[in-house]
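With the hints as constraints, model all of the structure from the sequences given.
Protein chains in written order, with numbering that gives the first Met the number 0: chain A, 0 to 418; chain B, 0 to 268.
Some hints could be false.
Incomplete in silico selection of chain A near chain B, CB under 8 Å [as the list claims (entries may be wrong)]:
hint: 1; residue: THR194
hint: 2; residue: LYS281
hint: 3; residue: THR282
hint: 4; residue: SER287
hint: 5; residue: ARG288
hint: 6; residue: VAL295
hint: 7; residue: LYS297
hint: 8; residue: THR309
hint: 9; residue: GLN316
hint: 10; residue: ASP317
hint: 11; residue: SER320
Pairs of lysine-lysine, DSSO-like flavour, derived with a Cα cap of 27 Å [stated by the list, open to error]:
hint: 12; chain 1: A; residue 1: LYS327; chain 2: A; residue 2: LYS221
hint: 13; chain 1: A; residue 1: LYS221; chain 2: A; residue 2: LYS297
hint: 14; chain 1: B; residue 1: LYS38; chain 2: A; residue 2: LYS281
hint: 15; chain 1: A; residue 1: LYS297; chain 2: B; residue 2: LYS241
hint: 16; chain 1: B; residue 1: LYS260; chain 2: A; residue 2: LYS297
Derived from the structure by calculation, the hints contain no laboratory data.
Yeah, the Cβ is synthetic: ideal placement off N, Cα and C, and Gly gets one too.
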Amino acid sequence: MLLCLAAITRSSWTRRPFATQLKRLAATAAAKVQTQNATSDLVDQLERDARRILRVVERRVEEREKLLKEDMAETAGGSSEQIRRARALKESEALQEAWTRYLDSKQSFREVGPLLEDPDPEIRSMAVEERTSLSSVLSDHLSHTFPSLLLPPSPTGHFSALIELKPGVGGDESALFVSTVLKMYDRLATQNSYTMETISASYLEGSKSSGGGMKEAIVEVKGEGAYDLFRWESGVHRVQRVPATETQGRVHTSTISVIVLPTSEASQESESEFKVDEKDVKTEVMRSRGAGGQHVNKTESAVRLTHIPTGITVSMQDSRSQHSNRAKAWQILRARLLDRKLTEEMQKRRDVRQSIVRSSDRSEKIRTYNFPQDRVTDHRIGMTLSNLDAVFEGDHLRMVIDELQREHEESTIEDMLSE
Amino acid sequence: MPPAKDYDALLASMVRRRANGEPLAYVIGNQPFGSLSVKCRPPTLIPRPETEHWTMKLLEILHASRWHSKTHVLDICTGTGCIPLLLAKASPNGHLNAVGVDISALAINLARENVNDVLRDGHNSVSIVKGDLFSTSFADDIYRQLSQPRAPFDVITCNPPYIPQHEYDRLSPSVRDYEDPVALLGDHAGQPSDGLSFYQRLVEILHSTSSPLGKNSILTEGGMLVVEHGDGQSQAVQEIFKTGFGRKLSRMEAWKDQWNKHRAVMAVL
Numbered sequence: 000m001l002l003c004l005a006a007i008t009r010s011s012w013t014r015r016p017f018a019t020q021l022k023r024l025a026a027t028a029a030a031k032v033q034t035q036n037a038t039s040d041l042v043d044q045l046e047r048d049a050r051r052i053l054r055v056v057e058r059r060v061e062e063r064e065k066l067l068k069e070d071m072a073e074t075a076g077g078s079s080e081q082i083r084r085a086r087a088l089k090e091s092e093a094l095q096e097a098w099t100r101y102l103d104s105k106q107s108f109r110e111v112g113p114l115l116e117d118p119d120p121e122i123r124s125m126a127v128e129e130r131t132s133l134s135s136v137l138s139d140h141l142s143h144t145f146p147s148l149l150l151p152p153s154p155t156g157h158f159s160a161l162i163e164l165k166p167g168v169g170g171d172e173s174a175l176f177v178s179t180v181l182k183m184y185d186r187l188a189t190q191n192s193y194t195m196e197t198i199s200a201s202y203l204e205g206s207k208s209s210g211g212g213m214k215e216a217i218v219e220v221k222g223e224g225a226y227d228l229f230r231w232e233s234g235v236h237r238v239q240r241v242p243a244t245e246t247q248g249r250v251h252t253s254t255i256s257v258i259v260l261p262t263s264e265a266s267q268e269s270e271s272e273f274k275v276d277e278k279d280v281k282t283e284v285m286r287s288r289g290a291g292g293q294h295v296n297k298t299e300s301a302v303r304l305t306h307i308p309t310g311i312t313v314s315m316q317d318s319r320s321q322h323s324n325r326a327k328a329w330q331i332l333r334a335r336l337l338d339r340k341l342t343e344e345m346q347k348r349r350d351v352r353q354s355i356v357r358s359s360d361r362s363e364k365i366r367t368y369n370f371p372q373d374r375v376t377d378h379r380i381g382m383t384l385s386n387l388d389a390v391f392e393g394d395h396l397r398m399v400i401d402e403l404q405r406e407h408e409e410s411t412i413e414d415m416l417s418e
Numbered sequence: 000m001p002p003a004k005d006y007d008a009l010l011a012s013m014v015r016r017r018a019n020g021e022p023l024a025y026v027i028g029n030q031p032f033g034s035l036s037v038k039c040r041p042p043t044l045i046p047r048p049e050t051e052h053w054t055m056k057l058l059e060i061l062h063a064s065r066w067h068s069k070t071h072v073l074d075i076c077t078g079t080g081c082i083p084l085l086l087a088k089a090s091p092n093g094h095l096n097a098v099g100v101d102i103s104a105l106a107i108n109l110a111r112e113n114v115n116d117v118l119r120d121g122h123n124s125v126s127i128v129k130g131d132l133f134s135t136s137f138a139d140d141i142y143r144q145l146s147q148p149r150a151p152f153d154v155i156t157c158n159p160p161y162i163p164q165h166e167y168d169r170l171s172p173s174v175r176d177y178e179d180p181v182a183l184l185g186d187h188a189g190q191p192s193d194g195l196s197f198y199q200r201l202v203e204i205l206h207s208t209s210s211p212l213g214k215n216s217i218l219t220e221g222g223m224l225v226v227e228h229g230d231g232q233s234q235a236v237q238e239i240f241k242t243g244f245g246r247k248l249s250r251m252e253a254w255k256d257q258w259n260k261h262r263a264v265m266a267v268l
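See below:
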């Protein structure tokens, strides 16, 4: 049980799904073992709560046994059927091994039961230890191992993240908060071994001297898993604090909006199914140049792309280089279109079950940062953390993200189990 | 890096220059061109976005083509050297070799600086040589300066001066007062004032130096010629090529720029 609980806090950025009910049950189970009232009821209880996962595991193990029988019946080698079968067997090997370990542990657990009543106190205490460690193996399998072996890898795992931040309600204060949140994301990226690159950044006039309020920021965090890390930041973030400019010490509320889009290198895209047809995109360059060419030497570098089928437009004039503006605009357009596609796909799966974590609604207030009370609340999972500084430093923010990720994975498992 | 107060003085002087009408690229000292930053200095012509546009289109064609293992490019009236430089930098190493020729010593110096700044050992190479398109020894002059055996080029690019005198007189001061008229005025002595003299001359050179066997030609058989031209000159340039090259002309295309104006003519000979 203790191993189980330790795993909750120290997390690595790979899929680690487990059901929260099992987490709570594991804690009660530990208590039960301690009081020596443990019987095989414990295993029954664990299995009852994890029955859906167990059912899927049993089904997969049966399928595997069928494949094994077919495989042994065949004598001639090399057919594509056999190759397919061999691959399926290889893939389900880990699950089979886990299942075997589980059954063995369950068996041992039941065998140790009578020893709890043994007259010898040494034997009794050894039995208690044995039961404790075995029940932790069992619940670990049910809550970690099986779900992780059953859960498919994240379909968005290879995407990088394109993050757009804009002030919402609150004028200058809101623009200042954009800078604050941007710095927070920069730290989060660094802590997870990513680098953050600025694609476009515009500051309020004169703001660089007065603290750096930003009108808009678009950044890219490149690398596998970057999108999965940042995706839950999409939405409206609300801040309550006394602004730097406030003379009477009143608390103001302002908002910023964050949109996180999946993005990939152009080279990766040719392999994926997602492609934007150049014919669908209208490119406009700003302002007529009259005769143009040698006749004119004023720099006009602004570019606007319009994706005709969806009406999505992207304007970019951040750089003196038209070529560079065009490239960035394309990157953003591709990301917006990809995001749209992913959102549509996700919405199709959502109608089976209402999920707490909705990444489709951009106008939802997802989080409130309250400075006077020094706490942050994520409204999607009802999680509140104190110590704002630690959140802005990145590592506590990671805890919130991990919890959101967990919820997402649980709902994915639920979807899978209800098939 | 100069201390902060010197930055203020520097900025003030740059703003003053710009306010006087000096082109921004001269004030800042460079102009983006494709993925490069090209150093700029008066009076050498500042690279235009329209030129960037067709150069990138040419780049795509070269990348898609399976002609040669190594493509040799000649850029006439190279100015800052932006065209051969971008082609060389953006092509895989060992696959492209370019020569830029200009009449102006100032342009040549600047182009050589750009080559040194942008290209390193192992990269595709760019050579900058001196030459006058209207000289009878134009081709010989080029080859003499190159330390390689005389061979025809696979691609010739040219952004020649194409502005007629009467249009030049009405140009904005930021062009007329700062950029080299030699790089802009397309009228040659004794020719009609239509800005088209250079295209006539190009045809003369390619025609005279290419025999049926193509032995002395500066453009290889099946080679490509791409020229930029001014607003409204597309038809005229195409006529000059059709008349001048006759049956040697196997294919011709009119290319538009990003403002949807005809801006370049591509011909395959």
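Restraint status (C-alpha distance of LYS260(B) to LYS297(A) at most 27 Å): 17 Å, holds
Is the Cα-Cα distance between LYS221(A) and LYS297(A) 27 Å or less? Roughly 35 Å between the alpha carbons, so the hint for LYS221(A) and LYS297(A) is violated.
Using Cβ atoms only, decide whether SER287(A) comes closer than 8 Å to chain B, and label the hint accordingly. OK, holds: SER287(A) within 8 Å of chain B, min 7 Å.
Holds or violated: LYS38(B) and LYS281(A), Cα atoms, limit 27 Å. 32 Å, violated
Minimum Cβ distance from THR282(A) to chain B below 8 Å? Given a least distance of 7 Å, the restraint on THR282(A) holds.
Does the structure keep LYS297(A) and LYS241(B) at a Cα separation of 27 Å or less? Violated: LYS297(A) and LYS241(B) sit about 34 Å apart, past 27 Å.
Holds or violated: is there a CB of chain B closer than 8 Å to the CB of SER320(A)? 3 Å, holds
Does THR309(A) pass the interface hint, meaning its C-beta sits closer than 8 Å to a C-beta of chain B? 23 Å, violated
Let me know if the C-beta of LYS281(A) comes in closer than 8 Å to any C-beta of chain B, holds or violated. Status violated, d = 11 Å.
Please check whether ASP317(A) passes as an interface residue: C-beta within 8 Å of a C-beta belonging to chain B. 12 Å, violated
Does LYS221(A) lie within 27 Å of LYS327(A) when you go C-alpha to C-alpha? 14 Å, holds
Using 8 Å as the Cβ threshold, decide whether ARG288(A) counts as touching chain B. 6 Å, holds
In this structure, the hints that do not hold are numbers 1, 2, 8, 9, 10, 13, 14, 15, in rising order.
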